[in-house]
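S.K.: Next come the chains, spelled out residue by residue.
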Amino acid sequence: EVQLLESGGGLVQPGGSLRLSCAASGVTFNSYAMSWVRQAPGKGLEWVSAISGSGDSTHYADSVKGRFTISRDNSKNTLYLQMNSLRAEDTAVYYCVKAQRGWYRFDYWGQGTLVTVSS
Amino acid sequence: DIQMTQSPSSLSASVGDRVTITCRASQSISSYLNWYQQKPGKAPKVLIYAASSLQSGVPSRFSGSGSGTDFTLTISSLQPEDFATYYCQQSYSTPATFGPGTKVDIK
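For the protein sequence lines, the chains are A and B, in the order given.
Residues 304 to 422, numbered by the working numbering, are exactly what the first sequence covers, in order.
Residues 388 to 494, numbered by the working numbering, are exactly what the second sequence covers, in order.
Simulated from the structure, these hints should not be mistaken for lab results.
Mimicking DSS-like on lysine-lysine, the simulated pairs with C-alpha atoms at most 27 Å apart in a straight line are: (1) Lys432/B - Lys494/B; (2) Lys432/B - Lys490/B; (3) Lys429/B - Lys494/B; (4) Lys490/B - Lys429/B; (5) Lys368/A - Lys379/A; (6) Lys429/B - Lys346/A; (7) Lys432/B - Lys379/A; (8) Lys346/A - Lys490/B; (9) Lys426/B - Lys346/A; (10) Lys494/B - Lys346/A; (11) Lys490/B - Lys426/B; (12) Lys494/B - Lys426/B; (13) Lys368/A - Lys346/A; (14) Lys346/A - Lys432/B.
Only chain A is shown next, with the shape it has when bound in the complex (with noise of 0.2 Å):
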């Protein structure tokens, strides 16, 4: 069975900095595309992030590109979201999802891991 676990999510100051992780198991991890996606209070869902299963070409929103950075270990089954300059409006609830097919045919999703900027 395919789990995803995120953890790092917090209370962080606007312009600090957080690392997001997010644990795969039960999947030939390097074999697939992985996302974030996120979720502010009460808000639908906005595409963060994307990478290849190897890592060597990423994708991201206007909203987080040159503030946000996404990477993977392969070798940990892990996805890492380095966000930077962090603004109130990206608070919300960040999930990493695993891509089926392509980049963004999404079937697993973990379970999210809030993040709040604020003062």
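For this one, chain A is given, so just place chain B on it according to the hints.
M.R.: Structure of chain B alone, referenced to chain A:
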């Protein structure tokens, strides 16, 4: 970016009702359309991928149709566990984009 819209934004229905949700893309996305169900406090769960393919383990009362710009999710006979918010999402191009959601609640 491809914009996704959904209608209605919310609906009230009874157990046993047939429910239809519509999703429209701002440009053609062929069949690169997926549907998700989300319950409060939980992660989304995929129901339909590639517009009309039922994800393994999803009840057959869920079905999807459409191609190009117009898509439909149908629940043939609404069950108590189906009260949730439903999102469409295009996987045709970067950035992946979601519809704003349709909340289905109890009439």
